[in-house]
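Participant: Full structure from sequences and hints, please.
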Amino acid sequence: MRHEPGQYAREAMPRGLRRFAPLSAHASLLDLDLEMYRTHGKRVLLLDMDNTVVPWRTHEVPTEVREFLRRAQDLGYKICAVSNTSRMERLREICADLGIDHVRARNKPSRRMFVQALRLFQAEPHEALMVGDQLMTDVLGANRAGIDAVWVAPMSNKEFIGTKINRMVESVVGKFLYRYFQPSVAFGVAPKREGLFKHQVVKEFLKFGIVGATSTALDWGLHYLLMYKATWGGQLLSEVVGAWMLGMVNPGAVATEKALSDAAYAPLKILPVLIAIFNGYYWNSKWTFRVAERTLQAKLISRFYIVALAAMVVNLVVSTSVKIAVHGSAQKAFWVASFVGMIVAAFVNFIGQRQWTFRDTKRSS
1010 MRHEPGQYAR EAMPRGLRRF APLSAHASLL DLDLEMYRTH GKRVLLLDMD NTVVPWRTHE
1070 VPTEVREFLR RAQDLGYKIC AVSNTSRMER LREICADLGI DHVRARNKPS RRMFVQALRL
1130 FQAEPHEALM VGDQLMTDVL GANRAGIDAV WVAPMSNKEF IGTKINRMVE SVVGKFLYRY
1190 FQPSVAFGVA PKREGLFKHQ VVKEFLKFGI VGATSTALDW GLHYLLMYKA TWGGQLLSEV
1250 VGAWMLGMVN PGAVATEKAL SDAAYAPLKI LPVLIAIFNG YYWNSKWTFR VAERTLQAKL
1310 ISRFYIVALA AMVVNLVVST SVKIAVHGSA QKAFWVASFV GMIVAAFVNF IGQRQWTFRD
1370 TKRSS
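Remember, our numbering sits 1009 above the position in the sequence shown when you count from 1.
No farther apart than 30 Å at their CA atoms in a straight line, the calculated lysine-lysine pairs in the DSBU-like style are these: (1) K1167 to K1184; (2) K1212 to K1308; (3) K1212 to K1173; (4) K1184 to K1308; (5) K1295 to K1212.
Hints listed in this document are in silico derivations from the structure and should not be mistaken for laboratory results.
If you're wondering where the values come from, they're calculated on a predicted model, not measured in any experiment.
Facilitator: Take a look at the structure:
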């Protein structure tokens, strides 16, 4: 999700999504237009502490943040830190140093602490503005209290493990929110919604799907050849491998056609998947995500294979389970299992590649 000047068309959102929607997004606290918000009736500034005002677990407030808060006070803002930190003494020290109030509770996004902050200044919800770096706590909590929220990027990548888990949920919710985001829109002006297929994530998903289709064709085609066409010593390769697997795993099993096919399915899936992964890496780096840096190729390949192999494990577990469960001919079970495994693994693969492998890469134009 981008953090650049702009607004969210909250009135156009489904009600369930609106609960997570900020009024606007910015790269940092420093980018807020204090004068503009003041003219629109905002007089109370509620701030998340960690990674909004100061980096996580530090006491050092950046000079530019101090100057920003001083300017806000000069404009007449009442400022209060709203935090669920467990380090109460640290919160007190930082707020005392900055000359601002604080409210602390362990239950953000509960509306209780936000209401408590409003009471501190005898303010109404529409008079306050919440600024924080997390959708699932800062923005959601403010919305529950009827307070407009501004979503900013975190100051640092270092954060609590629970926050990292929240980020995973946040990245999914953020993709839906971005459909209603318009960069550089004046306060109070409803942004125009872009068409679905103009969004970068949608374009990338469609390209990823096309590349995935070619990889799937390679995977299924090679796997089918190995299972039902390739021979070894006058027998189908799948019968040889299946008999070997049954002998290792379940020596007393009856070697029916389906039993041999089921046993050979996973071992003969490995080579086609590895070839499909390489095809996916090549075309996704060149076309889908358009990676520009040559120096990152080794790192990208390793990350791509880690994610793809994780998706392969998901594929193998799901498809093997489905194949065993499906009744009927061995080939019918093969195609049903391959399709179900492919669908589940495709979502795992796309999210992993976009959020980890290609997240920090520069894109060529």
